[in-house]
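*Asks:* Listed below, chain by chain, are the residues.
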Amino acid sequence: MLIQKLAAVMILVVLIVATAFTQEEAEEERVYDYAEQNHQCLKCHGHKTFHYFNENVGQEIRERMNPYYIIDSVEFYSSNHWNFSCLDCHSYEYETTFPHPNELRMEPLPVCLDCHGGDDTYEDRNWEQIDEEFQKSVHSTKHGADFKCSMCHNPHSYKINARTNENIKETIQYDNGICLSCHADINKYQLIVDFTNPNVLETHSWLPNQALHWQNVRCIECHVEINENMLVAHNVQPKEKAVRKCVECHSENSILLASLYKHQVKESRSELGFFNAAILNNSYIIGANRNYYLNVISLVFFGLVLGGIGIHAIIRIIKK
Amino acid sequence: MSEEKLYLYPMWLRLWHWTNALLFLVLIITGLSLQYSGVEGAFIRFDIAVTYHNIAGIILTISFAFFLVANRISGNRKFYKVKRKGFIKRLMKQFRYYIYGVFVGEPKPYPVSEKRKFNPLQKLSYIVVMFGFMPLIIITGFGLLFPEINLENVFGVAGIYLTVLLHITVGFGLSVFMIVHIYFCTFGKTVGSEFKSMFTGWH
Ligand code: HEM
Numbered sequence: 082m083l084i085q086k087l088a089a090v091m092i093l094v095v096l097i098v099a100t101a102f103t104q105e106e107a108e109e110e111r112v113y114d115y116a117e118q119n120h121q122c123l124k125c126h127g128h129k130t131f132h133y134f135n136e137n138v139g140q141e142i143r144e145r146m147n148p149y150y151i152i153d154s155v156e157f158y159s160s161n162h163w164n165f166s167c168l169d170c171h172s173y174e175y176e177t178t179f180p181h182p183n184e185l186r187m188e189p190l191p192v193c194l195d196c197h198g199g200d201d202t203y204e205d206r207n208w209e210q211i212d213e214e215f216q217k218s219v220h221s222t223k224h225g226a227d228f229k230c231s232m233c234h235n236p237h238s239y240k241i242n243a244r245t246n247e248n249i250k251e252t253i254q255y256d257n258g259i260c261l262s263c264h265a266d267i268n269k270y271q272l273i274v275d276f277t278n279p280n281v282l283e284t285h286s287w288l289p290n291q292a293l294h295w296q297n298v299r300c301i302e303c304h305v306e307i308n309e310n311m312l313v314a315h316n317v318q319p320k321e322k323a324v325r326k327c328v329e330c331h332s333e334n335s336i337l338l339a340s341l342y343k344h345q346v347k348e349s350r351s352e353l354g355f356f357n358a359a360i361l362n363n364s365y366i367i368g369a370n371r372n373y374y375l376n377v378i379s380l381v382f383f384g385l386v387l388g389g390i391g392i393h394a395i396i397r398i399i400k401k
Numbered sequence: 204m205s206e207e208k209l210y211l212y213p214m215w216l217r218l219w220h221w222t223n224a225l226l227f228l229v230l231i232i233t234g235l236s237l238q239y240s241g242v243e244g245a246f247i248r249f250d251i252a253v254t255y256h257n258i259a260g261i262i263l264t265i266s267f268a269f270f271l272v273a274n275r276i277s278g279n280r281k282f283y284k285v286k287r288k289g290f291i292k293r294l295m296k297q298f299r300y301y302i303y304g305v306f307v308g309e310p311k312p313y314p315v316s317e318k319r320k321f322n323p324l325q326k327l328s329y330i331v332v333m334f335g336f337m338p339l340i341i342i343t344g345f346g347l348l349f350p351e352i353n354l355e356n357v358f359g360v361a362g363i364y365l366t367v368l369l370h371i372t373v374g375f376g377l378s379v380f381m382i383v384h385i386y387f388c389t390f391g392k393t394v395g396s397e398f399k400s401m402f403t404g405w406h
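Here the protein sequences come in this chain order: A and B.
Count the first sequence with the numbering used here and you get residues 82 to 401, in order.
Count the second sequence with the numbering used here and you get residues 204 to 406, in order.
It is worth saying that the hints were derived from the structure and are not from the lab.
All figures in this text were calculated on a predicted structure; none of them were measured in a lab.
Treat the hints with care, as some may be off.
[As the list claims (entries may be wrong)] When the alpha-carbon atoms are kept at most 25 Å apart in a straight line, the in silico DSS-like pairs for lysine-lysine are as follows: (1) K401(A) x K399(B); (2) K296(B) x K284(B); (3) K400(A) x K296(B); (4) K311(B) x K286(B); (5) K400(A) x K311(B); (6) K401(A) x K392(B); (7) K401(A) x K296(B); (8) K400(A) x K392(B); (9) K318(B) x K392(B); (10) K311(B) x K401(A).
Kindly produce the complete structure, drawing on both the sequences and the hints.
*Replies:* Given below as structure tokens:
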């Protein structure tokens, strides 16, 4: 009887504690300041079809929206720019005119650094330096001004991952998706070049366990020059300079610690006394993951065995 | 004591044994090279070490399967049977011989005979190694060869990490076994006679 009561109380306590934790983890409520205003745009641009009253024919017309001009509102409202008005970047005139006048499309759109340059709010992101690095990258040197930040960081949907996402596999998938959006999609690729994109499966056929690598590391791990000052380096290298030696990652000083695991390494600097603790919970990288205690124990044990054999052999020889 | 010769190690066993020993050397060296790889100075280039380790592991699996089958068919299995009763006592007796008796010239408590190829300690270690460690290292090895078959996550730790931990721990155990095993093979009539037996078959 007593045991049952005790168990009931314990379960209750566990439940209370558990709910307290989940409450704490729940995201703070977001207030979307521009939801109503943006709805004016999204009621057409958020759907595959839109309709309007055509005065010339005197009837309601339904049309298909150009797929490239459809904004996924769910994606937009969970992106980094969730609390932006469409008109922060797009001309005010769009709001008041339909059909939208053609000249509006000729107006230049703001670029990222128009807002993010000299931005103290996210100073730690090192915007200017990212730009400098990007200017050195193949993306910029080969394609000049055609290649804009927005080719990779879609302003309508981009969401920061490396700093915030606890699930490193999701970050990897998200980040690789960015590269593949051009490198595995000829339509976007040919926005800036005339030739077809090389098949990444073939260009990487030398890489053992290809699928496994691609689930567990990002393209940029091998294709970007590491930069101490930024979480995600932006100097994408020409293909000849890509990392090709296994041990660059598969070793104690794995470059992954300065790239993929950089954020975690910073947050949990050898908390547990493990070498490369950051990698430990997510996967196993041969050569990079070393368990410090096991290392020491095995060495000591091995020494004892050898010593024991040595001593035994010596006594055997002496006593002969 | 009779000095008659015993044919203890049939051809298949010798073939298996030395193939196995050779594979072990390859596996230990490449395995260590992988575990302690460095940007400079890894003693075997990483990709080469991976390839050799994989190939040797697969051959080891085949040769182990061969051992299990041949051991059964040939009847060699009987030497691995343990009579529970008094086994601990016999182990202690053998142990005492190794830490004391051997130094003062006592006779072996369990000399080799037609019925008894292994002394109790030998028997125990061979059983643990052949029916415990070997299957474990082979299974975990295949887990690493086909990483997608591992559990994603076990109590917050990557399943593959546990597989690796088991693989290297058992690998370490087997390496220690090999050294101890070689040392205990020097307790024959002469230091080298047991090794010779494993080549000729005659004890
Ligand atoms: C270079 C390495 C090795 C050497 C020099 C060596 C030497 C020997 C010798 C001389 C014997 C015969 C004496 C006896 O029966 O105890 C033997 C037997 C045996 N060894 Fe090894 N060994 C080596 C590696 C290994 C390895 C790596 C394993 C297993 C993982 C192993 C497993 C065995 C087993 C099971 C027997 C008994 C076989 C039987 O008669 O059924 N040996 N070894």
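*Asks:* Would you mind marking each hint as holding or not holding in the structure?
*Replies:* Against the structure, the hints come out as follows:
1. The suggested pairing of K401(A) with K399(B) holds, with an alpha-carbon distance near 22 Å, which does not exceed 25 Å.
2. Taking the CA atoms of K296(B) and K284(B), the gap is near 18 Å; set against the 25 Å cutoff, the hint holds.
3. Restraint check for K400(A) and K296(B): satisfied, since their Cα atoms lie roughly 20 Å apart, inside the 25 Å limit.
4. Among the hinted pairs, K311(B) with K286(B) is consistent with the structure: their alpha-carbon atoms are about 20 Å apart, no more than 25 Å.
5. With a CA separation close to 16 Å, the supplied pair K400(A) and K311(B) stays within the 25 Å bound.
6. For the proposed pair K401(A) and K392(B), the alpha carbon gap of about 13 Å is at most 25 Å, so the pair holds.
7. About 21 Å separates the Cα atoms of K401(A) and K296(B), which keeps this hinted pair within 25 Å; it holds.
8. Proximity of K400(A) to K392(B) is assessed by CA-CA distance (about 16 Å); at most 25 Å being required, the pair is judged to hold.
9. Straight-line distance between C-alpha atoms of K318(B) and K392(B) comes to about 19 Å, which keeps the hinted pair within the 25 Å bound.
10. Only pairs whose Cα atoms come within 25 Å are accepted, and K311(B) paired with K401(A) is accepted, the gap being roughly 15 Å.
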